[in-house]
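Protein chains in written order, with the working numbering: chain S, 1 to 206; chain F, 1 to 206; chain Y, 1 to 206; chain C, 1 to 206.
If you are wondering where the hints come from, they were derived from the structure by calculation, not from laboratory data.
Treat the hints with caution; some may be incorrect.
Claimed, not checked - Using 20 Å as the maximum straight-line C-alpha spacing, the simulated DMTMM-like pairs for lysine to aspartate or glutamate come out as follows:
| hint | chain 1 | residue 1 | chain 2 | residue 2 |
| --- | --- | --- | --- | --- |
| 1 | F | K5 | S | D202 |
| 2 | Y | K5 | F | E28 |
| 3 | C | K80 | Y | D202 |
| 4 | Y | K158 | Y | D111 |
| 5 | F | K80 | S | D202 |
| 6 | S | K153 | S | D202 |
| 7 | Y | K48 | Y | D36 |
| 8 | Y | K48 | Y | E28 |
| 9 | S | K80 | C | D35 |
| 10 | C | K5 | Y | D202 |
| 11 | Y | K80 | F | D202 |
| 12 | Y | K80 | Y | E62 |
| 13 | F | K48 | F | E28 |
| 14 | F | K153 | F | D202 |
| 15 | S | K158 | S | D202 |
| 16 | S | K48 | S | D35 |
| 17 | C | K158 | C | D202 |
| 18 | S | K5 | C | D202 |
Below are the chains, spelled out letter by letter.
Protein chains: 4
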Amino acid sequence: MTSHKELQRIEAFSDGVFAIASTLLILEIAVPHVDDVMHPGALWLALKAEWPSLVAYLLGFESILVAWAGHQRGLTLLTKSSKAFLYANGFLLLSITFMPFPTAVLARYIDTPQANIAVMLYSAAWFVTNLAFNLWWLTMFRPVRLLSSSLSKAAARKVTRHTISGTVLYACTIVLSYWFPIAGFLIIFASQMLWIVVSIGDDEAQ
Amino acid sequence: MTSHKELQRIEAFSDGVFAIASTLLILEIAVPHVDDVMHPGALWLALKAEWPSLVAYLLGFESILVAWAGHQRGLTLLTKSSKAFLYANGFLLLSITFMPFPTAVLARYIDTPQANIAVMLYSAAWFVTNLAFNLWWLTMFRPVRLLSSSLSKAAARKVTRHTISGTVLYACTIVLSYWFPIAGFLIIFASQMLWIVVSIGDDEAQ
Amino acid sequence: MTSHKELQRIEAFSDGVFAIASTLLILEIAVPHVDDVMHPGALWLALKAEWPSLVAYLLGFESILVAWAGHQRGLTLLTKSSKAFLYANGFLLLSITFMPFPTAVLARYIDTPQANIAVMLYSAAWFVTNLAFNLWWLTMFRPVRLLSSSLSKAAARKVTRHTISGTVLYACTIVLSYWFPIAGFLIIFASQMLWIVVSIGDDEAQ
Amino acid sequence: MTSHKELQRIEAFSDGVFAIASTLLILEIAVPHVDDVMHPGALWLALKAEWPSLVAYLLGFESILVAWAGHQRGLTLLTKSSKAFLYANGFLLLSITFMPFPTAVLARYIDTPQANIAVMLYSAAWFVTNLAFNLWWLTMFRPVRLLSSSLSKAAARKVTRHTISGTVLYACTIVLSYWFPIAGFLIIFASQMLWIVVSIGDDEAQ
Numbered sequence: 001m002t003s004h005k006e007l008q009r010i011e012a013f014s015d016g017v018f019a020i021a022s023t024l025l026i027l028e029i030a031v032p033h034v035d036d037v038m039h040p041g042a043l044w045l046a047l048k049a050e051w052p053s054l055v056a057y058l059l060g061f062e063s064i065l066v067a068w069a070g071h072q073r074g075l076t077l078l079t080k081s082s083k084a085f086l087y088a089n090g091f092l093l094l095s096i097t098f099m100p101f102p103t104a105v106l107a108r109y110i111d112t113p114q115a116n117i118a119v120m121l122y123s124a125a126w127f128v129t130n131l132a133f134n135l136w137w138l139t140m141f142r143p144v145r146l147l148s149s150s151l152s153k154a155a156a157r158k159v160t161r162h163t164i165s166g167t168v169l170y171a172c173t174i175v176l177s178y179w180f181p182i183a184g185f186l187i188i189f190a191s192q193m194l195w196i197v198v199s200i201g202d203d204e205a206q
Numbered sequence: 001m002t003s004h005k006e007l008q009r010i011e012a013f014s015d016g017v018f019a020i021a022s023t024l025l026i027l028e029i030a031v032p033h034v035d036d037v038m039h040p041g042a043l044w045l046a047l048k049a050e051w052p053s054l055v056a057y058l059l060g061f062e063s064i065l066v067a068w069a070g071h072q073r074g075l076t077l078l079t080k081s082s083k084a085f086l087y088a089n090g091f092l093l094l095s096i097t098f099m100p101f102p103t104a105v106l107a108r109y110i111d112t113p114q115a116n117i118a119v120m121l122y123s124a125a126w127f128v129t130n131l132a133f134n135l136w137w138l139t140m141f142r143p144v145r146l147l148s149s150s151l152s153k154a155a156a157r158k159v160t161r162h163t164i165s166g167t168v169l170y171a172c173t174i175v176l177s178y179w180f181p182i183a184g185f186l187i188i189f190a191s192q193m194l195w196i197v198v199s200i201g202d203d204e205a206q
Numbered sequence: 001m002t003s004h005k006e007l008q009r010i011e012a013f014s015d016g017v018f019a020i021a022s023t024l025l026i027l028e029i030a031v032p033h034v035d036d037v038m039h040p041g042a043l044w045l046a047l048k049a050e051w052p053s054l055v056a057y058l059l060g061f062e063s064i065l066v067a068w069a070g071h072q073r074g075l076t077l078l079t080k081s082s083k084a085f086l087y088a089n090g091f092l093l094l095s096i097t098f099m100p101f102p103t104a105v106l107a108r109y110i111d112t113p114q115a116n117i118a119v120m121l122y123s124a125a126w127f128v129t130n131l132a133f134n135l136w137w138l139t140m141f142r143p144v145r146l147l148s149s150s151l152s153k154a155a156a157r158k159v160t161r162h163t164i165s166g167t168v169l170y171a172c173t174i175v176l177s178y179w180f181p182i183a184g185f186l187i188i189f190a191s192q193m194l195w196i197v198v199s200i201g202d203d204e205a206q
Numbered sequence: 001m002t003s004h005k006e007l008q009r010i011e012a013f014s015d016g017v018f019a020i021a022s023t024l025l026i027l028e029i030a031v032p033h034v035d036d037v038m039h040p041g042a043l044w045l046a047l048k049a050e051w052p053s054l055v056a057y058l059l060g061f062e063s064i065l066v067a068w069a070g071h072q073r074g075l076t077l078l079t080k081s082s083k084a085f086l087y088a089n090g091f092l093l094l095s096i097t098f099m100p101f102p103t104a105v106l107a108r109y110i111d112t113p114q115a116n117i118a119v120m121l122y123s124a125a126w127f128v129t130n131l132a133f134n135l136w137w138l139t140m141f142r143p144v145r146l147l148s149s150s151l152s153k154a155a156a157r158k159v160t161r162h163t164i165s166g167t168v169l170y171a172c173t174i175v176l177s178y179w180f181p182i183a184g185f186l187i188i189f190a191s192q193m194l195w196i197v198v199s200i201g202d203d204e205a206q
């Protein structure tokens with residue numbers, strides 16, 4: 001019972017962190033300043049100039065949502081918790097709450113000659129988040145098996161394959177982005193969109 | 001059971017996002033600066049000059065509360081969740097967390113010649129939120145029916161009518177605000193107040 | 001059942017708002033700037049100069065905690081919810097999330113000739129919060145009785161007496177603070193401390 | 001039942017506060033400014049210069065996580081709540097939400113001659129948090145025993161020993177840091193890492 005309660009609080013704490021990380025993103029978008037308020041359409045031009053912030057906002061929210069969906073799917077498999085899992089979960093949340101920073105750097109520098117460093121930082125942040133997901137998944141098996149016995153070996157292997165291929169993907173985009181930042185960024189974005197589509201497809205198949 | 005748990009976490013995550021979105025609004029109100037602290041009543045004048053921020057705060061909080069009440073009412077109808085619903089819910093939360101930005105723009109430019117663009121942005125943000133509500137409601141039926149069977153067809157049709165008429169209303173205020181920004185704004189505000197009054201009335205009738 | 005679930009979500013939303021309102025207060029305290037880092041003890045002087053911010057932080061947290069304790073005690077009495085209660089609760093949360101603003105104004109102007117206006121604003125904010133508490137309490141009886149039948153009439157009357165006397169108290173401190181701001185502030189602070197002590201005493205008596 | 005519900009809300013409120021305190025830390029890291037965007041690697045240099053903020057972020061998150069784990073472990077032992085416990089819990093949360101401030105001061109001044117004052121402040125903040133933990137633990141026994149009877153006297157004494165030795169440790173690092181700030185900081189950091197390792201070890205032993 002105690003361990004079940006521990007699981008509930010890990011859920012509540014994690015939901016809070018995900019909710020806040022996704023909501024804080026709006027603070028990055030400043031109210032635009034207009035020099036000449038008498039000029040018709042001046043505010044429209046000022047709003048248009050903020051497009052990188054708006055894209056970063058959409059991107060940041062979408063990626064935190066995808067991570068949350070994965071986290072939530074993983075937690076439903078557990079029947080109890082362990083201290084190792086608790087701290088691995090903490091490390092995962094740490095990497096998620098960090099995400100607004102590389103996303104903001106990306107928004108600021110994507111259309112400058114510094115784009116390659118910005119996308120490399122962004123890829124690296126996702127790489128670390130994926131490492132954290134791997135560790136998180138590992139602590140579901142070790143030192144104590146926390147998973148419900150209803151999970152088949154095949155299903156477990158499928159998740160392992162997904163997290164490892166994610167890690168390899170982001171490692172590749174770090175390197176690729178040094179020469180082709182836009183390509184690196186598009187691969188990350190496409191892979192997350194694909195993940196949403198596959199998730200919805202899986203659901204319908206059941 | 002798993003699906004029920006998924007629903008609970010969608011609730012918890014959503015409540016977190018709504019709570020934070022409504023609380024972050026206060027950060028937009030800065031402590032007023034007074035040039036001459038020796039002048040009696042100087043702080044009073046400085047506070048009075050902040051009225052657009054105060055109105056934006058009240059307005060933002062009220063509209064997030066109305067959206068939350070609709071969200072909460074919708075969720076009580078569900079018996080399970082789907083991935084499509086999960087992402088539609090995410091899109092809805094995205095549009096809600098975005099709201100502080102157009103509200104702040106409105107507060108800054110409502111009494112300037114840029115008012116029409118500010119109200120158009122505000123209307124457009126509500127228009128997108130309403131689209132998101134439509135999509136969210138749609139995923140309760142498709143690809144899998146998630147609603148409890150106790151909901152009558154008539155009641156379901158009433159909700160559909162409400163969300164569609166909201167979308168039409170906000171589409172009209174976007175156009176109207178180009179020429180009559182204050183009228184556009186008042187229509188949006190009045191429709192939300194009406195919604196609160198009707199909700200309370202419905203409740204008493206039951 | 002539906003109404004019970006509604007109550008749970010009102011709780012979750014309210015807890016989120018209280019938690020965030022109390023945590024956001026720390027953002028008002030800026031890292032102090034030191035002109036000459038070579039000067040021994042320069043940071044110590046800079047930290048000491050921030051004392052009004054620190055006091056405001058303690059005060060803000062304490063008052064939100066007291067409000068939360070009252071809110072939580074009230075909600076345990078309910079067996080169901082109504083739309084009127086939902087919006088009264090929203091108004092109460094609105095007045096709570098507003099609190100960081102008058103508290104920050106108080107911290108900035110308490111040791112200037114503008115102290116009377118700062119304390120009047122602070123009193124007024126508490127006055128409105130108390131009005132909201134009165135309304136909130138009223139909607140537990142009307143239009144539908146939401147309270148569990150186990151609550152005795154005497155106990156209900158005691159709560160009514162408390163909320164009304166609070167409203168009268170804050171109305172008086174608004175007026176008093178015009179001439180004696182420090183006295184007005186101390187009365188508010190003392191009444192909240194008294195409330196904590198009485199609460200703990202009540203508990204032991206049971 | 002009422003008291004059980006009170007416990008649940010204390011949990012929910014506490015989880016919210018911990019989640020927000022840990023997530024707000026990211027707001028301290030500003031997007032770096034680059035003077036000459038044409039210079040290759042300029043962003044990389046700007047990012048490297050932000051290392052104290054990054055370390056402060058990791059440190060702040062890790063320490064709030066450790067405090068959360070302790071809080072969560074403590075709460076699972078309770079069967080009911082009291083007003084004294086509620087306010088002691090509030091005082092503990094207050095000391096936790098304050099933590100981002102001394103952590104930010106530490107990040108800013110650790111590599112300056114003001115390091116000793118920065119580490120003393122940081123130690124003092126942990127000292128107060130530990131005092132709050134002691135008080136919190138005390139209110140589990142007095143004025144009413146809130147703990148489940150399944151907790152052995154030996155286990156209770158072990159917790160008491162831990163919290164008291166923590167308080168003594170931080171008192172020592174306050175003094176030590178006046179002369180040796182880096183040593184003081186490393187002792188605090190090492191003791192928290194040790195705590196994580198011991199927690200995971202305890203878990204495996206069970």
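Against the structure, the hints:
Pair hint K5(F) plus D202(S) holds up; C-alpha atoms about 18 Å apart against a cutoff of 20 Å. Between the alpha carbons of K5(Y) and E28(F) the distance comes to roughly 33 Å, so the proposed pair goes past 20 Å and is violated. A hinted pair counts as satisfied when its Cα atoms are at most 20 Å apart, and K80(C) with D202(Y) qualifies at roughly 16 Å. This hinted pair does not check out: K158(Y) and D111(Y) have alpha carbons roughly 38 Å apart, beyond 20 Å.
A threshold of 20 Å between alpha carbons decides the hint, and for K80(F) with D202(S) the separation of about 16 Å falls inside it, so the pair holds. Straight-line distance between C-alpha atoms of K153(S) and D202(S) comes to about 18 Å, which keeps the hinted pair within the 20 Å bound. Restraint check for K48(Y) and D36(Y): the C-alpha separation of about 16 Å stays at or below 20 Å, so the hint holds. This hinted pair checks out: K48(Y) and E28(Y) have alpha carbons roughly 16 Å apart, not beyond 20 Å.
Distance restraint check for K80(S) and D35(C): the Cα-Cα separation of roughly 52 Å exceeds the 20 Å cut-off, and the hinted pair is therefore not satisfied. Restraint check for K5(C) and D202(Y): satisfied, since their Cα atoms lie roughly 18 Å apart, inside the 20 Å limit. With a C-alpha separation of about 16 Å, the suggested pairing of K80(Y) with D202(F) holds against the 20 Å cut-off. Taking the CA atoms of K80(Y) and E62(Y), the gap is near 29 Å; set against the 20 Å cutoff, the hint is violated.
The straight-line distance between the Cα atoms of K48(F) and E28(F) is roughly 16 Å, inside the 20 Å bound, and the hint therefore holds. Simply put, K153(F) and D202(F) have alpha-carbon atoms about 18 Å apart, close enough for the 20 Å limit, and the pair holds. Our distance criterion of 20 Å between C-alpha atoms is met by K158(S) and D202(S), whose separation comes to about 13 Å. Distance restraint check for K48(S) and D35(S): the Cα-Cα separation of roughly 15 Å lies within the 20 Å cut-off, and the hinted pair is therefore satisfied.
Pair hint K158(C) plus D202(C) holds up; C-alpha atoms about 13 Å apart against a cutoff of 20 Å. A distance of roughly 18 Å separates the Cα atoms of K5(S) and D202(C); the hinted pair therefore holds under the 20 Å criterion.
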